Amino acid sequence: MIRLFILFCLSVNLYSQTNFPNATVRSMDNKTISLHNLTAEVSFVSFWATWCLPCVKEIDKLNEFIHEYSNISVILINEDRPGDKAKVKGFIRSKKYPIDDNYHVVFDTNSKLSRQFNAQPIPLTLIVKNNKVIYRKRGFYLGDEVELKKQLDKALND
Amino acid sequence: MIKRVFINILLLGCSYSQGVAIDTSNQISARYGDSDNDYNYSEIYLDTRLSIDRSNYRLESIFTFEISDPPEIGLNEQGLRNFLLGIYNDNFSFEVGDVYQTWGRGLLLNQLDYQSLDFDTGSRGLGMQFRNEFRELNIIAGNTSSRKSTTVLGQYDPRIPNYFVDQFIYGADINFSLRESNVGASLLVVDEDERFLSHTLTNLRIDKSYKNGEFFMSAINKVSEKDVYPLEVFYPKKDGGGFYISNTNYLKDWALTSSYRKFSIDINNPGNRDNIVDNYGQALDIQRSPSGFYQHTFRLLSRNSKEVNLNDEVGLEIQLLGPINQNANISINYMKSSSSKQWYNGEDILIGEWFSDNNSFLPSSRQSSYPFEEIFIEFSGYNPGRNIFYKVGADFQQQVFNVLSNSAEVKSFEITESFTVPFLVSVVVSPLWNIEVQLELQKLKTGFDTTIISDIDGIDNNYSFHSLLDEDYQKNLFLALSANYNQKWSFNVAHESTNSDESFFDNGQSNSFDSSNEWNAMSMAYKFDSDHTLELFYGSIRGGLDCTNGVCRYIQAFDDGIRIDYSHNLD
Numbered sequence: 008m009i010r011l012f013i014l015f016c017l018s019v020n021l022y023s024q025t026n027f028p029n030a031t032v033r034s035m036d037n038k039t040i041s042l043h044n045l046t047a048e049v050s051f052v053s054f055w056a057t058w059c060l061p062c063v064k065e066i067d068k069l070n071e072f073i074h075e076y077s078n079i080s081v082i083l084i085n086e087d088r089p090g091d092k093a094k095v096k097g098f099i100r101s102k103k104y105p106i107d108d109n110y111h112v113v114f115d116t117n118s119k120l121s122r123q124f125n126a127q128p129i130p131l132t133l134i135v136k137n138n139k140v141i142y143r144k145r146g147f148y149l150g151d152e153v154e155l156k157k158q159l160d161k162a163l164n165d
Numbered sequence: 030m031i032k033r034v035f036i037n038i039l040l041l042g043c044s045y046s047q048g049v050a051i052d053t054s055n056q057i058s059a060r061y062g063d064s065d066n067d068y069n070y071s072e073i074y075l076d077t078r079l080s081i082d083r084s085n086y087r088l089e090s091i092f093t094f095e096i097s098d099p100p101e102i103g104l105n106e107q108g109l110r111n112f113l114l115g116i117y118n119d120n121f122s123f124e125v126g127d128v129y130q131t132w133g134r135g136l137l138l139n140q141l142d143y144q145s146l147d148f149d150t151g152s153r154g155l156g157m158q159f160r161n162e163f164r165e166l167n168i169i170a171g172n173t174s175s176r177k178s179t180t181v182l183g184q185y186d187p188r189i190p191n192y193f194v195d196q197f198i199y200g201a202d203i204n205f206s207l208r209e210s211n212v213g214a215s216l217l218v219v220d221e222d223e224r225f226l227s228h229t230l231t232n233l234r235i236d237k238s239y240k241n242g243e244f245f246m247s248a249i250n251k252v253s254e255k256d257v258y259p260l261e262v263f264y265p266k267k268d269g270g271g272f273y274i275s276n277t278n279y280l281k282d283w284a285l286t287s288s289y290r291k292f293s294i295d296i297n298n299p300g301n302r303d304n305i306v307d308n309y310g311q312a313l314d315i316q317r318s319p320s321g322f323y324q325h326t327f328r329l330l331s332r333n334s335k336e337v338n339l340n341d342e343v344g345l346e347i348q349l350l351g352p353i354n355q356n357a358n359i360s361i362n363y364m365k366s367s368s369s370k371q372w373y374n375g376e377d378i379l380i381g382e383w384f385s386d387n388n389s390f391l392p393s394s395r396q397s398s399y400p401f402e403e404i405f406i407e408f409s410g411y412n413p414g415r416n417i418f419y420k421v422g423a424d425f426q427q428q429v430f431n432v433l434s435n436s437a438e439v440k441s442f443e444i445t446e447s448f449t450v451p452f453l454v455s456v457v458v459s460p461l462w463n464i465e466v467q468l469e470l471q472k473l474k475t476g477f478d479t480t481i482i483s484d485i486d487g488i489d490n491n492y493s494f495h496s497l498l499d500e501d502y503q504k505n506l507f508l509a510l511s512a513n514y515n516q517k518w519s520f521n522v523a524h525e526s527t528n529s530d531e532s533f534f535d536n537g538q539s540n541s542f543d544s545s546n547e548w549n550a551m552s553m554a555y556k557f558d559s560d561h562t563l564e565l566f567y568g569s570i571r572g573g574l575d576c577t578n579g580v581c582r583y584i585q586a587f588d589d590g591i592r593i594d595y596s597h598n599l600d
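From first to last, the protein sequence lines stand for chains A and B. Our numbering runs 7 ahead of the 1-based position in the first sequence. Our numbering runs 29 ahead of the 1-based position in the second sequence.
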């Protein structure tokens with residue numbers, strides 16, 4: 008059985024394209040949104056939570072340079088408990104996350120996306136181009152933002 | 030049956046593979062541990078996710094296999110651990126397999142899978158969702174199996190569960206969006222054949238966002254009925270409930286969040302308050318309270334974490350967050366809770382009779398009401414050059430977690446008090462090197478507070494404190510150093526020590542108590558690429574409470590051994 012399963016995984020891998028799915032998520036004001044309505048040609052996606060220190064550091068560093076890129080969409084997929092929504096909103100406000108039409112914080116209802124992307128442990132960061140995942144990174148240390156910026160530039164220029 | 034499902038998926042995959050976008054994600058992880066105190070484990074997980082995208086819908090499957098003998102925590106598994114098959118589009122989703130749903134903010138239903146705590150409350154069955162811009166309907170039906178380790182039953186082992194509950198759950202949840210507001214209602218029925226039990230849960234909730242904040246309220250009712258069959262014993266119907274209110278207000282860049290909760294799903298006296306086996310009216314594992322505590326991430330503070338008690342708790346929580354300057358933030362948190370009643374004994378303690386009086390709507394500070402209080406202040410931020418990140422805090426906690434007696438003659442309570450200072454600094458030393466230091470200091474008192482009341486004029490009451498440790502105050506220290514090179518290598522050393530161990534508890538009958546005074550460990554990890562890691566560990570880890578998102582479990586110590594963790598994403 009396991010052998011059959013592994014064979015299946017490997018055979019399907021040949022056709023893999025790592026699409027970024029058009030799944031539904033919840034907006035800050037609890038509305039249902041499709042992810043493809045939020046993505047741009049190049050998007051920066053991160054699974055994060057307020058209690059996850061590497062996640063918070065990654066977003067802090069992202070916020071230092073993201074204003075240089077007017078054509079990139081940022082999608083921060085929150086993985087805090089659903090009961091902590093009020094705290095998450097307060098956290099975003101106090102950290103001055105620059106939420107606008109190109110910078111979104113959304114909630115992963117039922118942890119569906121987290122399951123689909125095997126996002127734990129967070130942070131899991133994706134760079135998405137034309138709704139295809141072209142870069143994937145787990146974890147964050149201060150200084151890693153240099154590599155993230157390089158990958159964003161590469162995605163824009165390729 | 031499972032073989033047939035695989036063959037069907039294989040055929041489906043092949044038939045679609047030529048013209049349709051197929052996306053797969055496969056992950057393998059292997060973990061091995063071997064320690065001097067027999068905390069040995071070996072486990073392999075294989076996850077595969079398949080997604081087939083058509084223009085107007087998406088098919089998905091998730092299969093997880095586990096081979097463990099034994100696992101780090103839980104029972105041995107050899108084969109399929111869980112699976113999910115689903116079809117999704119903008120207005121509809123249908124899932125078969127291990128379904129996880131959260132309704133509202135989880136007061137009635139919040140299904141979780143925390144493998145590291147052996148906590149899985151998913152349902153094997155089906156789930157559906159219908160939605161449009163203004164409405165959303167969720168439906169669930171399936172079998173839920175939860176398992177725990179409890180001292181109420183024999184053969185207690187913190188790693189291996191000794192209490193199992195199988196339930197069949199079915200119900201629906203509807204949510205309406207009205208401008209800036211959302212209104213939701215849920216009904217869930219939970220049947221337990223083994224205990225001849227039926228629970229009916231209902232929930233109403235509303236949230237409203239406005240320019241300068243948000244408001245949320247949720248109310249729940251739970252009725253539990255136990256059939257008299259086969260013992261012909263009368264079991265009263267348990268009818269409990271509760272509500273939760275929270276409010277966040279923004280004041281420029283500052284956010285003030287406050288919440289109030291009053292839960293009385295199943296109130297029991299101190300004698301059987303913690304008996305999860307016989308208290309058939311208790312809140313279910315699929316229920317989670319909205320926020321009510323601070324989610325600590327520091328090591329020592331995490332071991333002191335508080336879990337909200339849905340059965341009997343009145344609580345307040347206030348959090349103020351804001352920037353001090355361009356580079357630094359402050360977080361001030363205050364939490365207070367108690368039981369909804371104060372408990373006292375009758376005249377004859379030996380009979381073990383308990384009586385109670387209701388508290389007011391606010392949490393009580395009386396020791397007979399299980400008071401809990403915490404103040405946590407934290408600063409975090411960067412230096413002006415923004416290459417150093419720091420986080421420093423102070424935490425005060427006091428809690429009565431057991432009322433042993435409260436009579437006219439003797440008052441005795443099991444208490445803990447702690448003061449903790451956590452500190453973390455992370456420095457970019459060069460473009461290739463990053464160093465992180467974490468230091469935590471804690472002073473902790475745990476034991477029995479006893480007062481013998483004098484009935485003779487002129488003679489004072491006799492107060493005493495009996496520590497559960499061999500010192501009145503336990504002084505704990507945790508120090509960790511970590512160096513990371515070029516996003517590839519990571520080197521870590523950790524040291525933890527205490528002046529007072531748990532040998533007072535240790536009767537040699539259980540391996541759940543740790544009699545060490547010092548725990549040292551070193552580890553190194555190598556990233557082959559961004560999601561392909563090998564980690565080697567040697568040393569000891571102190572046992573204690575381990576909490577993930579409000580779910581806590583006692584984890585036994587890992588004594589002088591090795592651990593090997595390997596994970597690889599096969600994308």
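Where hints are given, some of them may not hold.
Claimed, not checked - Subject to a maximum C-alpha distance of 27 Å in a straight line, what follows is the list of computed DSS-like cross-link-like pairs (lysine-lysine): (1) Lys291/B to Lys266/B; (2) Lys237/B to Lys102/A; (3) Lys139/A to Lys38/A; (4) Lys103/A to Lys291/B.
Hints are computed from structural coordinates only; laboratory data are not their basis. These numbers come from a predicted model, not from an experiment.
Hint-by-hint comparison with the structure:
1. Lys291/B to Lys266/B: holds, 21 Å
2. Lys237/B to Lys102/A: Between Lys237/B and Lys102/A the Cα gap is close to 22 Å, so the pair holds against 27 Å.
3. Lys139/A to Lys38/A: Distance ~25 Å between Lys139/A and Lys38/A Cα, so the pair holds.
4. Lys103/A to Lys291/B: The hint is violated at about 33 Å.
Checked against the numbered hints above, the structure breaks only hint 4 and satisfies the rest.
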